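Could you build all of it, start to finish, from the sequences and the hints given here?
Same order as they appear, the protein sequences are chains A and B.
Position 231 (the first sequence) corresponds to 231 in the working numbering; numbering is contiguous.
Position 200 (the second sequence) corresponds to 200 in the working numbering; numbering is contiguous.
Think of the hints as simulated: they come from the structure by calculation, not from any bench.
Values in this document were obtained by computation on a predicted structure and should not be read as measured data.
Keep in mind that the hints are not guaranteed to be accurate.
As the list claims (entries may be wrong) - Just some of the chain A residues that point at chain B, by a computed CB distance under 8 Å:
#1 A40
#2 N41
#3 S48
#4 T109
#5 L148
#6 L152
#7 E155
#8 A158
#9 V162
#10 R165
#11 V166
#12 L214
#13 A216
#14 E220
Claimed, not checked - Here chain B is said to cover these stretches of chain A; the calculated rule only asks that three of the stretch's residues, wherever they fall, bring their Cβ under 8 Å from a Cβ of chain B:
#15 122-129
#16 221-231
Said to hold, decoys possible - So the derived list for chain A, only partly shown, Cβ under 8 Å to chain B, looks like this:
#17 K47
#18 N84
#19 G85
#20 P147
#21 P151
#22 K175
#23 M246
#24 E268
#25 R270
#26 G278
Don't be surprised by glycine CBs; every beta carbon is placed ideally from N, CA and C.
Protein chains: 2
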Amino acid sequence: MSGAGRPIAVFDSGVGGLTVFRAIRRGLPRESLVYFGDTANLPYGTKSPETVRGLVRSHLNFLARYGVKFVVVACNTASAVALNGLTRAFRIPLVGVIDPGVQEALARTRNGRIGVVGTRATIASGAYQRRLAAASPGTVAVARACPLFVPLIEEGWANSPVTRRVAEEYLAPLKAAKIDTLILGCTHYPLLRPVLRAVLGPRVTLVDSSDAVLRAVRGELAARGLLRARGKRGRVTFCLTDTGGMFPRVARRFLGATLGRVVKVDVEVRAASVVARGRS
Amino acid sequence: MSGAGRPIAVFDSGVGGLTVFRAIRRGLPRESLVYFGDTANLPYGTKSPETVRGLVRSHLNFLARYGVKFVVVACNTASAVALNGLTRAFRIPLVGVIDPGVQEALARTRNGRIGVVGTRATIASGAYQRRLAAASPGTVAVARACPLFVPLIEEGWANSPVTRRVAEEYLAPLKAAKIDTLILGCTHYPLLRPVLRAVLGPRVTLVDSSDAVLRAVRGELAARGLLRARGKRGRVTFCLTDTGGMFPRVARRFLGATLGRVVKVDVEVRAASVVARGRS
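Structure, rendered in structure tokens:
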């Protein structure tokens, strides 16, 4: 298969990228989609940048062999720590979720005070903070890692009083900094909208990058003549590195539907050699 | 190096096995210890049995090449899903944490009603429930997966009101079943002792398997003539598959001390091939 007929890949560490997947599925229904969830290795948010880069490199090579025409890196952690460099080195065009989220937040803020929440790795990378500063030097960015949000969502407790307490704790410094816009810097977090809204009040804009990512994907595909403008509805395949876990159950919570075609991708892991020594 | 002079390995998915490591370090101070933490692949508790078995197999082979004389599988999830079969196939003697915990609980219970808490994978494996039933058929075992406990501990919130709320929710069915003994079926959980004690009351015995594991290790080594009975204090090495993450910080919370010698073990990951197709 060549050109526009090939599928678009949506790459994520697990299930969170389904919020982006769903936006692309709705906005570009004729495109065939391959959702790659690295369920054997999730979560990425607690790993070092080096480990995340190794995983992303390996899986993008798999997707290239699979024959996709475009890759959406729907995982914020992977986008934050692994995309620099890869964008040029990789032969298939790709977009991450950081830049679309930053553009959207800058378009929406009125007071120039923008909050960012994400995994430990995403926030520690400083990717959002740097890009906000580069795009709009006067912006005040207040970032906070929220490592309990993902396990709470995956437990099905997105709307529980416990999650409300956790959100109050995490968001206190952002409220104190008087942000008027909050970037949901993790694709799981749109499921926390009701709790975040309750804690932050009605005047703070919540920026979920999935619609901004859809616009970026459409623009990039059109510019390359890769948009599938005619024909019937595209097909969907889920590639998972671990199919025995809780992906199907959690995925139904994200999609509100069953998955359909699921493919297991075998991952070889080998503890190879001692590569560094030190003291800690 | 041959015989008793070689190190004992303590294997864990991450940091939790340090509770077992500490017990062995105190009880067998002349033994050299290698702590292997698979920090690049943690957590195991949310992965499928198949994926956990692949990781354990790979890392035990690494430890065999490293020259250890004995392996303690300090991770409950790995012990629950990967030890059957491995115990015979692997040429180095090993013990897991399940049997010592079961023996300890059976020795302590008075009413024969025993609770078990652990990760999703440990509880789903049924390993504790099966062994309790086999060792003492009249026992009533009440098991509950508590997937939020590990992230709460790793966030440093072991004693927070949020954790208390979560524990109340998780332990309600165990209290209703009138357990008098609770097996802490995850090596992280000893850090929750104050909260578990507060929720369950003073009459429920909390069984942390690390002392029972120490006794099992000492017995197995003595039986094989592998106990290092003389000489100076053994040395300690930490082998981690990801050294960039939060292991050192969290480890200090477990050990109350800095780590010392740390070695990075390179892990190769390759998304290889499509091995199964299905619908979900």
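Checked hints:
1. A40: Cβ of A40(A) sits 5 Å from chain B, so the hint holds.
2. N41: N41(A) check passes; min Cβ-Cβ to chain B is 7 Å, inside 8 Å.
3. S48: OK, holds: S48(A) within 8 Å of chain B, min 2 Å.
4. T109: With a minimum Cβ separation of about 29 Å from chain B (threshold 8 Å), the hint on T109(A) is violated.
5. L148: Holds, about 5 Å.
6. L152: holds (7 Å)
7. E155: holds (6 Å)
8. A158: violated (13 Å)
9. V162: Holds. Min distance 5 Å.
10. R165: holds (5 Å)
11. V166: holds (6 Å)
12. L214: violated (25 Å)
13. A216: Since chain B brings no Cβ nearer than about 25 Å to A216(A), farther than 8 Å, the hint is violated.
14. E220: violated (24 Å)
15. 122-129: Violated, because only 0 residues of the region 122-129 of chain A bring their Cβ atoms closer than 8 Å to Cβ atoms of chain B.
16. 221-231: Not satisfied, violated; 0 residues make the cut.
17. K47: holds (6 Å)
18. N84: Not OK, violated: N84(A) not within 8 Å of chain B, min 17 Å.
19. G85: violated (17 Å)
20. P147: Check passed: Cβ of P147(A) comes within 6 Å of chain B, closer than 8 Å.
21. P151: holds (4 Å)
22. K175: violated (18 Å)
23. M246: Given a least distance of 7 Å, the restraint on M246(A) holds.
24. E268: Holds - the Cβ of E268(A) comes within 8 Å of chain B, reaching about 5 Å at its closest.
25. R270: With a closest approach of 5 Å, the R270(A) hint holds.
26. G278: Cβ of G278(A) sits 5 Å from chain B, so the hint holds.
Consistency note: the structure conflicts with the earlier hints numbered 4, 8, 12, 13, 14, 15, 16, 18, 19 and 22.
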